[in-house]
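As they're listed, the protein sequences go chains A and B.
With our numbering, letter number 265 in the first sequence gets 516, and the count goes up by one each step, no holes.
With our numbering, letter number 237 in the second sequence gets 488, and the count goes up by one each step, no holes.
Wrong hints could be hidden among the right ones.
Note: identical chains are not told apart, hence a pair may lie in one copy or across any two.
[As the list claims (entries may be wrong)] In silico DSSO-like links for lysine-lysine, alpha-carbon gap of 27 Å or less:
(1) 572 - 284
(2) 437 - 462
(3) 396 - 289
(4) 269 - 601
(5) 589 - 280
By construction, these hints were calculated from the structure, which means they are not laboratory data.
2 protein chains.
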Amino acid sequence: MIYAAVMGYGTIGSGVVKVIEGHHDYISKKTGKDIRVKYILDLREFPGDPYEDLIVHDVNVIMDDPEIDIVVETMGGTKPAYDFVKRALLAGKSVCTSNKALVAAYGPELLKIAEKRNANFLFEASVGGGIPIIRPLNTCLTADKIIGIQGILNGTTNYILTRMEDEGLGFEEVLKDAQALGYAEKDPTADVDGFDSCRKIAILSSLACGKTVDYRHIYTEGIRLITSEDFLYARAMGRSIKLIASMYTDGYDTHAIVAPMMVEKSDPLYSVRDVFNAIKVTGDVVDDIMFYGKGAGSLPTSSAVVADVIDAAKHIGINLKVFWNDEELQLCGIEEQKRKFFVRVKNSAKQAAAEQFEVEEFIDAGVEDETAFVTAPMTEMAFAAAVGSLPGVIGRIRMC
Amino acid sequence: MIYAAVMGYGTIGSGVVKVIEGHHDYISKKTGKDIRVKYILDLREFPGDPYEDLIVHDVNVIMDDPEIDIVVETMGGTKPAYDFVKRALLAGKSVCTSNKALVAAYGPELLKIAEKRNANFLFEASVGGGIPIIRPLNTCLTADKIIGIQGILNGTTNYILTRMEDEGLGFEEVLKDAQALGYAEKDPTADVDGFDSCRKIAILSSLACGKTVDYRHIYTEGIRLITSEDFLYARAMGRSIKLIASMYTDGYDTHAIVAPMMVEKSDPLYSVRDVFNAIKVTGDVVDDIMFYGKGAGSLPTSSAVVADVIDAAKHIGINLKVFWNDEELQLCGIEEQKRKFFVRVKNSAKQAAAEQFEVEEFIDAGVEDETAFVTAPMTEMAFAAAVGSLPGVIGRIRMC
Numbered sequence: 252m253i254y255a256a257v258m259g260y261g262t263i264g265s266g267v268v269k270v271i272e273g274h275h276d277y278i279s280k281k282t283g284k285d286i287r288v289k290y291i292l293d294l295r296e297f298p299g300d301p302y303e304d305l306i307v308h309d310v311n312v313i314m315d316d317p318e319i320d321i322v323v324e325t326m327g328g329t330k331p332a333y334d335f336v337k338r339a340l341l342a343g344k345s346v347c348t349s350n351k352a353l354v355a356a357y358g359p360e361l362l363k364i365a366e367k368r369n370a371n372f373l374f375e376a377s378v379g380g381g382i383p384i385i386r387p388l389n390t391c392l393t394a395d396k397i398i399g400i401q402g403i404l405n406g407t408t409n410y411i412l413t414r415m416e417d418e419g420l421g422f423e424e425v426l427k428d429a430q431a432l433g434y435a436e437k438d439p440t441a442d443v444d445g446f447d448s449c450r451k452i453a454i455l456s457s458l459a460c461g462k463t464v465d466y467r468h469i470y471t472e473g474i475r476l477i478t479s480e481d482f483l484y485a486r487a488m489g490r491s492i493k494l495i496a497s498m499y500t501d502g503y504d505t506h507a508i509v510a511p512m513m514v515e516k517s518d519p520l521y522s523v524r525d526v527f528n529a530i531k532v533t534g535d536v537v538d539d540i541m542f543y544g545k546g547a548g549s550l551p552t553s554s555a556v557v558a559d560v561i562d563a564a565k566h567i568g569i570n571l572k573v574f575w576n577d578e579e580l581q582l583c584g585i586e587e588q589k590r591k592f593f594v595r596v597k598n599s600a601k602q603a604a605a606e607q608f609e610v611e612e613f614i615d616a617g618v619e620d621e622t623a624f625v626t627a628p629m630t631e632m633a634f635a636a637a638v639g640s641l642p643g644v645i646g647r648i649r650m651c
Numbered sequence: 252m253i254y255a256a257v258m259g260y261g262t263i264g265s266g267v268v269k270v271i272e273g274h275h276d277y278i279s280k281k282t283g284k285d286i287r288v289k290y291i292l293d294l295r296e297f298p299g300d301p302y303e304d305l306i307v308h309d310v311n312v313i314m315d316d317p318e319i320d321i322v323v324e325t326m327g328g329t330k331p332a333y334d335f336v337k338r339a340l341l342a343g344k345s346v347c348t349s350n351k352a353l354v355a356a357y358g359p360e361l362l363k364i365a366e367k368r369n370a371n372f373l374f375e376a377s378v379g380g381g382i383p384i385i386r387p388l389n390t391c392l393t394a395d396k397i398i399g400i401q402g403i404l405n406g407t408t409n410y411i412l413t414r415m416e417d418e419g420l421g422f423e424e425v426l427k428d429a430q431a432l433g434y435a436e437k438d439p440t441a442d443v444d445g446f447d448s449c450r451k452i453a454i455l456s457s458l459a460c461g462k463t464v465d466y467r468h469i470y471t472e473g474i475r476l477i478t479s480e481d482f483l484y485a486r487a488m489g490r491s492i493k494l495i496a497s498m499y500t501d502g503y504d505t506h507a508i509v510a511p512m513m514v515e516k517s518d519p520l521y522s523v524r525d526v527f528n529a530i531k532v533t534g535d536v537v538d539d540i541m542f543y544g545k546g547a548g549s550l551p552t553s554s555a556v557v558a559d560v561i562d563a564a565k566h567i568g569i570n571l572k573v574f575w576n577d578e579e580l581q582l583c584g585i586e587e588q589k590r591k592f593f594v595r596v597k598n599s600a601k602q603a604a605a606e607q608f609e610v611e612e613f614i615d616a617g618v619e620d621e622t623a624f625v626t627a628p629m630t631e632m633a634f635a636a637a638v639g640s641l642p643g644v645i646g647r648i649r650m651c
């Protein structure tokens, strides 16, 4: 018998308990591991809950119980999650977490402690919810040098953008509706301003490069400024607008960014709609592969957490090497990134645009009094300079 | 130092050697495993090849060398692959193979030998080329009961269907062109008649259910009868035609089939084009997830084989449990499968169709002298009976 404790009995924590206990016999048959939840840590009481007897309020009960081999952290945030997780690892317990904020901020430190204690720090659910991506990066793409990652890593923003595209609505209107439907938080900042995607691409980039990518150094732009007119242009170009989190490396220079981008139809990310997430990984041997699925939700996320719990159960006393050390990977400044830009300008600025930019094409989407154009590939710095001196700019979106 | 031998120096085998040797330092840094190719078994000589010194013609050199811990089998077919692989496993060596015919025919027996000898039999590359799917099924979806799998598992047929769709051409014409371009074999039967997909879905179904699905019991239909007119109807319905390999289980009854199907736009398989493969897996916890990438080719396939080699190197003397035993899973007969059907009939048969079928809709795609309809969901048996007594049937395709 292997005992686990779950810290945080919210949406994900309760799903995890339900899956470990509800699938107990199946998991045992499939994997040969007999896993039980012994404690659930939460400040609240849960009268009538089928697992209310397992609730404890004192974290020391878990930390001091030598029978607990695996601790699941589904509290979110870094306080007190960081302290609790660190204590568990120092006590030689393995930790499985869905907490991207924790992993992005303290991943390499916690991995190092796990290694020293012959335990494991696993975080499959921290990126892409139920989509297997962390373990495939660690165990499947081992022969590949990872050249790039491009992902739609946030379901809320993708849902909002999909509805704007389908229904021709503005951002604020769809956001309100998404909040009413429970697809967006009351305070939607972490999602719509890209902070959630930023932490996730930092985690993936670190695993791809083997060093630590500091999420605070990733240029991050959200979707608040995207308008229904932008989607008219996207359609005219056969593209869609997605919040893309990406990194690219040639082994020397590494670039990362989170921003809305114009994605072309032939890109597999184009057809990722609604709350779905997808992560495209480019390896120097395997070329492009993509992982797709539900990036959030109690059960999908629990699927990933419990898979980690099973992996931890299979490796008690055996540390699984993770390619991520605490040396910081220096990202190139945003100004060096090079790509095409889509720019909307007032009709009166068309002539000036043609003079100041190498324009690849002008796009007419039937929007009154304005036109738009796509530039040749240029650096962010060159673009910023050129667009700064152009009058009548209405908006700009990067091309993917 | 861990030594591997590669049996079969063709497209995939040579890619494997290139990746193990060419990425030696990188793999060693990333995984801590120092792996070298010691022998390459092939009947031919390769004068001038950078690895010609490693070529041997006698399999006993490999079998009798206790330094060889890992054998890569990239010969294809089952003779002599089966004998060689069995001997290697009995000698306690791990085997990594890309050979779906071998895995579909002898998987459970070879897994059992590997288990007894504390070695591993790994076959990530046997399905989906470079796409990680076998290891994710074994190590990521462990908390899920797999309810269904639907895949586009053959790049050649998907390439042919994509070109028929885009260019309005007939099957024979595109096949000839695909052969000229090297996308289809001179003898295209294994691909276009669905036998390749059939073996692959048998492997995936076995891993999903934990028992052995005999590929010979899977109803298999290829794409030879698909016409350019079929694509006119598909377009009129907002669908595409794909060769779908699928299995579905409710835990009691299990169904499997390989056949061309009409896939709707909202299905992530809809946008899988050209030589790409994709596998959609439905778990009772995670819901739908999809894996996408290049299903063939020297380097993508080598990526998967070498990932297996690295996994084998990490687990020398430790058998990785695989959920697949030799008990045969009894598939339900095809006649019990239930779905909608798309049927093309001569205009004169429209009235009879409306009487003999519960028609959901008639579709007009502007094809002279004929019409088409979609039935309500019905069993294969009921459909066969009804369509058999309907005059003027031109063709039928299953709805996905």
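Comparing the hints with the structure gives:
| no. | hint | verdict |
| --- | --- | --- |
| 1 | 572 - 284 | both (21 Å within a copy, 11 Å between copies) |
| 2 | 437 - 462 | neither (35 Å within a copy, 47 Å between copies) |
| 3 | 396 - 289 | between (41 Å within a copy, 23 Å between copies) |
| 4 | 269 - 601 | neither (60 Å within a copy, 52 Å between copies) |
| 5 | 589 - 280 | neither (52 Å within a copy, 30 Å between copies) |
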